[in-house]
Every structure is written in C-alpha cells, then in structure tokens.
Amino acid sequence: MRRTSRTRLPLVTVIAVTLTALLATLAPSAHAAPVRWRDVVSRADVAKVFPALAREDLARGVGNPSVSHPSPAGCTPTETRAKKVLWFGNRDNWAARKRGFYTALVQFRTVAEAKRLVTDMKRYVRACSHYQVGSVLTVRVRPAALPRLGDQRVAYRQVQEWSSDPGVQRSTILYVREGKRVMAMRVMLPRTVPARDIARIARAGAAKMG
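Under mature numbering (1 follows the signal peptide of the UniProt record, and there is no 0), read the sequence shown as residues -32 to -1, 1 to 178, first letter to last.
One or more hints might be untrue.
As the list claims (entries may be wrong) - Below, a list of computed lysine-lysine pairs in the DSS-like style, where the Cα atoms sit at most 25 Å apart: (1) 51 <-> 83; (2) 52 <-> 83; (3) 66 <-> 16; (4) 90 <-> 52; (5) 90 <-> 51.
No wet-lab data here; the hints were simulated from the structure.
Start from the sequences, fold in the hints, and give me the full structure.
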C-alpha cells in the first residue's frame, strides 16, 4: 500500500521517540506509584544485548508529558498527552552514525489512554507499510515478532530511505502496554537487528518494571 504525505520532516524525530520505538512493561495493573528510574532499562542492560552500543552517548531525562509518534491517519506525526514520561538513550546523531538506542516509559492517567496509543500503533503498521514524506524520504514498515509481554504489544521493522545523506536507516521499534503504562523502544544498527536481540531487550525492560 502506498501513501504520499505532504507533511513537514519531523517524522524522523517522531519515530525516534517512538521515538521510534517510544514505545515492555510489567508493572502492577493499578500503577498507583509513579514511574521511577529503576523501572527503565539501564546502560548495562543495553550493552549486554547490544555490545555495539556500549560506548554510545546515552543519557536520561524527564520528557514533556506527551508522546510523539506516527499516526495511522495519513501516516503523519502526532502527539498523545500523558501523565509522565521518563526517557533513556541517545536522541541525537542517529543519522550520521546509523546506530542508536532510545526508550521512553510513559504513564497515562487512564488505561483507555494507554490502550489507545498501542492500538493506534497497530493500525499504523497495517495502514502505512509504504509511504513518502515530500520528495526526500521514503518509509517502509513491516510487522516484527515480539514475545508475549504485557496487555498489548506491537513491534515493527522500519526502513527510511533518504534521497541524500544519511541514505538508508534501519530500525526496530516496539511498544508494550501494561495497565496505564506504555514502554516505547527504538533500536538502530547498520544491519537488521536479530529478532532474538529484540526479544532480549524487551524482556529486560519487562523485568525492570516495578
């Protein structure tokens, strides 16, 4: 299915937060306690699964109370409001190095809000398998395997083809919901990331959820 979008170019940033990716949580269903840093994967967790990312400039921070992600409606960027967002990873220099890691642990006010985000991402994977952003970027999306984690989950492979630098970028992006929480994750390497490694980092994230 081919779609053409006449949007601006923040799609890469959007997907990175998703992005990118963003985007396996096993917290108690009530989720009365706020998200904490011990609930988020660490540098050691990332390096254990992806040694190539061990020396990346990974940082952490508290994000704006919203989640940027691609929408199934026209395959365009959108934002969803949240209660709290903690992120870990590198948010810059993805294009030049074609490698990076980013995760965001998002807490919503209601289960319905959290469920809606993951449902929208499932619709995005189905509706936006091949589309263009202007004349400079082509995006291809296909479903990816993910272990049975949380109440809802979705993962996909993404290939971004730029008409000039940085050329071709390959990422794997996943979202997992448990109750009011959603974890988004994006992994980018010069090669396609093996499914077993995606499963390992997803499980590592699940194990850290309080």
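For each hint, the structure was consulted:
With a CA separation close to 14 Å, the supplied pair residue 51 and residue 83 stays within the 25 Å bound. Note on residue 52 and residue 83: the hinted pairing holds, with a Cα-Cα distance of about 16 Å set against a maximum of 25 Å. Distance restraint check for residue 66 and residue 16: the Cα-Cα separation of roughly 20 Å lies within the 25 Å cut-off, and the hinted pair is therefore satisfied. Taken as a hint, the residue 90 and residue 52 pair is honoured in the structure, with Cα atoms around 22 Å apart against an allowance of 25 Å.
A C-alpha spacing of about 22 Å is found between residue 90 and residue 51, which places the hinted pair at or below 25 Å, so the restraint holds.
Hint check: no violations occur; every hint is consistent with the structure.
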